[in-house]
Amino acid sequence: MAKPRIKFPKTAKVGQVVQIKTLMSHPMETGLRKNKKTGKKIPRNIINTFTAVFNGKPVFEADMESSVSANTYMSFYFKVPASGEMVFTWLEDSGKKTTASRKITAS
Amino acid sequence: MKDRNKFQAVDRREFVLGASAAAIVAANWSGMGEAQAKGAEDLIKKLTGGKKVTAGKVTVKLPDIAENGNTVPFTVRVDSPMTDKDYVKAIHVIATANPTPLVATYKLTAASGKAEVSSRMRMAKTQEIIVIAELSNGSFVSGKKNVKVTIGGCGG
Numbered sequence: 020m021a022k023p024r025i026k027f028p029k030t031a032k033v034g035q036v037v038q039i040k041t042l043m044s045h046p047m048e049t050g051l052r053k054n055k056k057t058g059k060k061i062p063r064n065i066i067n068t069f070t071a072v073f074n075g076k077p078v079f080e081a082d083m084e085s086s087v088s089a090n091t092y093m094s095f096y097f098k099v100p101a102s103g104e105m106v107f108t109w110l111e112d113s114g115k116k117t118t119a120s121r122k123i124t125a126s
Numbered sequence: 125m126k127d128r129n130k131f132q133a134v135d136r137r138e139f140v141l142g143a144s145a146a147a148i149v150a151a152n153w154s155g156m157g158e159a160q161a162k163g164a165e166d167l168i169k170k171l172t173g174g175k176k177v178t179a180g181k182v183t184v185k186l187p188d189i190a191e192n193g194n195t196v197p198f199t200v201r202v203d204s205p206m207t208d209k210d211y212v213k214a215i216h217v218i219a220t221a222n223p224t225p226l227v228a229t230y231k232l233t234a235a236s237g238k239a240e241v242s243s244r245m246r247m248a249k250t251q252e253i254i255v256i257a258e259l260s261n262g263s264f265v266s267g268k269k270n271v272k273v274t275i276g277g278c279g280g
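Those protein sequences? They're chains P and E, same order as listed. The opening position of the first sequence corresponds to residue 20 in our numbering, with each subsequent residue numbered one higher. The opening position of the second sequence corresponds to residue 125 in our numbering, with each subsequent residue numbered one higher.
These are computed hints drawn from the structure, not numbers from a lab. By construction, the Cβ of each residue, glycine as well, lies at the ideal position given by its N, Cα and C atoms. Don't take each hint at face value.
Covered stretches of chain E (in silico footprint by chain P; criterion: 3 or more residues with CB under 8 angstroms from a CB of chain P, positions within the stretch not fixed) [as the list claims (entries may be wrong)]:
(1) 168 to 181
(2) 220 to 228
(3) 240 to 251
Residues from chain E that keep clear of chain P, each with C-beta distances beyond 12 angstroms, as calculated [what the hints assert, rightly or not]:
(4) Leu259
(5) Ser260
(6) Asn261
Same shape as in the complex, but just chain E:
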């Protein structure tokens, strides 16, 4: 019965807010609280202008378990020819349960050659990392990875 209500809530929100942002967040419903889900959803909607996001083409490489939340190495890769006509414009990395969910936005150009960026992020706790890529044709694709954190690291 409880589950049924959850799905109803999602359907209502989908109707009101538009499919994409809610759909991504709803797909990751397990492991996220209401407030967290809303924060990530609003952020995704802002980044995509409410446009449809298609899951795929984005590989998110992160450890299954992060021993130290202060520095968790990650690599994000988008499957793209990276030509003048077809390239990745931006890659947004979102830590859904962090105090500031947007980790970084990487802006690429056709001169990048390969749509792959590595860096290190802080993770406050176990959470889903969602990566949204904006392509030169205006469309959005996404990937995600759930990471368990043993010691959180946002300094809060």
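One chain only, chain P, in its complex shape:
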């Protein structure tokens, strides 16, 4: 999978609610398209799960199906409890996993 683009603040106040944006390049193959030459169905291959875990605690999870557009864009919110690290994970139907992390300092 490609490298994700993430918008995540570097600093925040404890208790502040911040917006997180992520963008992952991916065709999100629905499984409904046919190969024009062979006539065979192109199998489904999408990112089916996205998770955001902060200091080991789950914050947000997206379970996606084939109606999610290609190049998955997601925006969600996070109430910053303390300084720490957010780990983002994208899981594809094939089993491929991509992770990325971002640190934040809370005062």
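Go by the hints and put chain E onto chain P.
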């Protein structure tokens, strides 16, 4: 006369299946075919365990007309204090006329701070988008928006 029969059919189904799922779908009767309505209804029943769904608290932001069905941006927001005792557990986005009606389920926690998620969906054709939110107290609320699609985008 035709309309009267439709309402009778709904009443029978309501009696058999339970009020909530059928009620949501019946309320959106215009613009949906029988097969579509049944698919969305079954999905809602599965997601809610047949529990009552109250319309409200959910804002569904979508364009009135989607020029390109391949990527339709949306924002769903649930009115909730998002505290440890009262927060949104899950938000289900349902595209009633898509080959796979369930677009996504977003699972939130009290650490989310705000129950608002944005993403982009594919829409096969003009249809109603229904959003069901499950709250931490086990109850369900919903919102909806009808979107006109000029060019469908499910790749089928």
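Hints versus structure:
1. 168 to 181: violated (count 0)
2. 220 to 228: Holds, because 7 residues of the region 220 to 228 of chain E bring their Cβ atoms closer than 8 angstroms to Cβ atoms of chain P.
3. 240 to 251: holds (count 8)
4. Leu259: Non-interface label on leucine 259/E holds, nearest chain P Cβ at 16 angstroms vs cutoff 12 angstroms.
5. Ser260: The claim holds: serine 260/E sits with its nearest Cβ about 15 angstroms from chain P, beyond 12 angstroms.
6. Asn261: Given a closest Cβ separation of 20 angstroms, the condition holds.
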